[in-house]
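Chains A and B, in that order, give the protein sequences. Number 363 in my numbering belongs to position 363 of the first sequence; there are no gaps in the numbering. When you read off a place in the second sequence, starting at 1, and then add 389, the result is the number in my numbering.
Calculated from the structure, these hints are not laboratory results. Please note: incorrect hints may appear among the correct ones.
Taking lysine to aspartate or glutamate and the EDC-like style, the derived pairs with C-alpha atoms no more than 20 Å apart in a straight line are [unchecked claim]:
id, chain 1, residue 1, chain 2, residue 2
1, A, Lys87, B, Glu524
2, A, Lys87, B, Glu414
3, A, Lys222, A, Asp184
Stretch-level coverage of chain B by chain A, calculated; a stretch enters the list once three of its residues show a Cβ under 8 Å from a Cβ in chain A [to be verified]:
id, region
4, 553 to 565
5, 579 to 589
Far from chain B by the CB rule (all over 10 Å, computed), these chain A residues [stated by the list, open to error]:
id, residue
6, Asn36
7, Asp90
8, Leu91
9, Met99
10, Thr116
11, Asp282
12, Arg304
13, Arg331
14, Arg338
15, Asp375
As the structure is a prediction and not an experimental result, all values here were calculated from the model. Think of the CB as a built atom: it goes at the ideal place given N, C-alpha and C, for glycine as much as any other residue.
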Amino acid sequence: MTSETSSRSVGSAAGRPMIELRGVTKTYPGGQTAVNNLSLDIDRGAITVLVGPSGCGKTTTMRMINRMVEPTSGAVLVDGEDIADRKASDLRRSMGYVMQSSGLLPHRTVLDNIATVPRLNGVPRKDARARATELLEVVGLAPDLGRRYPAQLSGGQQQRVGVARALAADPPILLMDEPFSAVDPVVRQELQEELLRLQRDLAKTIVFVTHDIDEATILGDKVAVLNIGGVLAQYATPEEILRAPVSDFVAGFVGRDRGFRHLSFQEGEGVRIHPIQTIEVDRLGDPDAAVTSPWTLAVDAGGRPQGWVPQNRRSTIRSVADLVPGGSLYRRGDTLRRALDAALSAPSGLGVAVDDEGRVVGAVRAGEILELIEDARVDRGRANYNTAV
Amino acid sequence: MDYTSDNLFAQMGQWLVAPENWSGERGIPTRILEHLGYTGLTMLIALAIAVPVGLYVGHTGRGRVVIVSGIGILRALPTLGMVFLFVLLAGLGLLPPIWALVLLAVPPVLSGVYAGISSVNRDTVDAARAMGMSEAQILFRVEVPNGLPVILGGVRAAVLQVVATVAVVAYINLGGLGVFLVEGTQLRDYGRLFGGAVVIGVVAIAVDLLMALVQKFAVSPGLRTSRAPVRTQDSGRQKAVASAQGGTT
């Protein structure tokens with residue numbers, strides 16, 4: 001009896017969600033309800049994404065976790081403790097906060113911006129700056145950027161500094177409010193990948209707000225889809241939300257190509273890689289170097305793909321500039337979505353498969369990938385059927 | 390004083406270079422010191438009143454309407470009239486005229502401080518709060534340094550107005566550079582009258598340049614290097630900033 005009790009309490013401490021929203025409601029003085037009786041458990045060490053159309057109360061929900069917004073009713077627990085009992089400024093210092101507009105202090109250097117929270121906590125300036133310099137490197141910025149002022153950085157760099165600042169006091173929780181939505185798509189993808197890389201090392205509990213379902217499915221270990229008026233529509237893994245939306249609202253929000261995007265969650269290991277004919281770009285100018293298949297792939301000296309040579313136009317192609325541009329590349333082990341995209345985007349219908357160094361290893365075919373998808377669907381259907389019984 | 394010419398400008402030049410005007414208890418250097426002394430005293434009192442009020446209203450947004458209309462009323466008061474009014478009410482002495490000058494200095498300082506604080510980007514303030522700064526830390530570590538260009542602009546405008554207006558205390562025998570204007574008028578000594586006006590102008594310009602220098606070194610380089618002006622969504626704030634900057638002209 002005693003041992004059972006103790007083991008249960010240990011289990012509940014480790015297994016307890018980091019953040020618990022308990023029937024939280026926020027009604028503004030005008031009578032408008034931003035969040036309506038929301039209960040949500042946010043897992044420790046995972047990325048939980050709050051996603052939904054504007055007006056769904058996702059930001060309000062997040063801001064109730066660090067008491068930037070006080071709930072009208074209900075409670076928020078962090079580590080099992082009601083945060084209403086804690087001093088707001090202490091609570092906030094225990095959580096990193098990244099916002100859309102970076103929110104850096106314009107009058108302070110990058111280094112002093114990063115050092116803000118440690119300084120508030122009483123860390124000596126020298127130590128706080130040393131730690132800030134380390135963090136610049138962690139978020140992928142050159143140390144000499146530390147002396148600059150925020151206005152002298154690009155939008156992407158500012159967001160990186162924002163992340164570094166949120167990490168400075170090593171808080172267990174990070175709150176991120178649409179941190180990447182103001183930067184261009186290329187930089188956004190870079191920042192997303194960077195965040196996932198950081199998260200693998202740091203294993204913080206991250207609450208991430210976005211209106212972009214793509215971003216939600218890429219980053220989230222779990223995704224909470226919120227509807228207008230702050231009602232929870234679905235709370236599940238991104239894979240499940242794409243595969244089995246619970247309502248028309250979620251299906252509509254996830255979008256038309258959710259079937260295609262769901263392929264992002266399917267391993268591409270089983271895709272067959274066919275041998276492919278290649279020609280070195282140096283030999284393109286040599287009229288005697290004939291090609292024997294309808295589409296031949298031109299590669300550089302390192303074996304990396306440069307473009308395509310259609311057989312019927314061989315005589316007109318003399319250098320790299322004349323090549324037909326290739327499609328996206330499929331790196332061995334990528335998801336089925338990448339494999340299918342490589343096959344569909346290649347002018348030859350052959351998706352170029354490369355190894356980790358970017359060298360061509362062969363080609364994948366769309367038809368075979370579709371068969372794999374079909375097989376996976378059958379397996380999953382059987383599994384679902386079994387669990388249902 | 391005897392002039393060798395009837396020309397006004399020549400008389401002014403002669404008055405300005407005459408050695409006897411540059412020494413003694415009634416000389417120009419003494420008058421400059423008196424003038425600057427009254428200016429300093431007036432500014433100290435005005436800052437002590439306007440800065441705390443401006444910080445409070447700017448940070449909390451409470452009492453904005455009262456402040457804005459109050460500033461308008463104060464700006465409409467004629468300073469010379471106020472000097473005599475205070476003297477009539479409180480008698481001769483140092484402080485009654487100083488209070489009249491304080492009424493002149495308070496509006497630009499108050500609107501500068503208030504507008505400076507409320508012009509700080511709300512996202513920056515929000516971020517500071519979300520990082521766990523207390524309200525006082527937000528005010529003094531974020532809002533004041535970022536609002537400093539506008540705040541100092543208001544102070545500078547106030548100093549300039551006071552330096553130019555402090556001359557009125559000479560009417561009630563308190564000295565300062567205004568003495569030359571009063572004496573010049575009474576004695577029909579135009580060299581003295583215009584010479585005194587020139588000295589007041591030079592002192593005002595020198596003080597203003599000094600303030601410009603302070604402004605330059607007190608403001609963080611991070612605010613000077615911004616590539617684009619910060620756009621605020623709140624048009625009321627922008628109006629406030631514009632009116633504070635209008636005060637500097």
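Status of each hint after checking the structure:
no. : hint                : verdict
1   : A:Lys87 x B:Glu524  : holds (13 Å)
2   : A:Lys87 x B:Glu414  : violated (62 Å)
3   : A:Lys222 x A:Asp184 : violated (25 Å)
4   : 553 to 565          : violated (count 0)
5   : 579 to 589          : violated (count 0)
6   : Asn36               : holds (24 Å)
7   : Asp90               : violated (7 Å)
8   : Leu91               : violated (8 Å)
9   : Met99               : violated (6 Å)
10  : Thr116              : violated (6 Å)
11  : Asp282              : holds (46 Å)
12  : Arg304              : holds (38 Å)
13  : Arg331              : holds (38 Å)
14  : Arg338              : holds (37 Å)
15  : Asp375              : holds (49 Å)
Taken one by one, the earlier hints fail for this structure at numbers 2, 3, 4, 5, 7, 8, 9 and 10, listed in ascending order.
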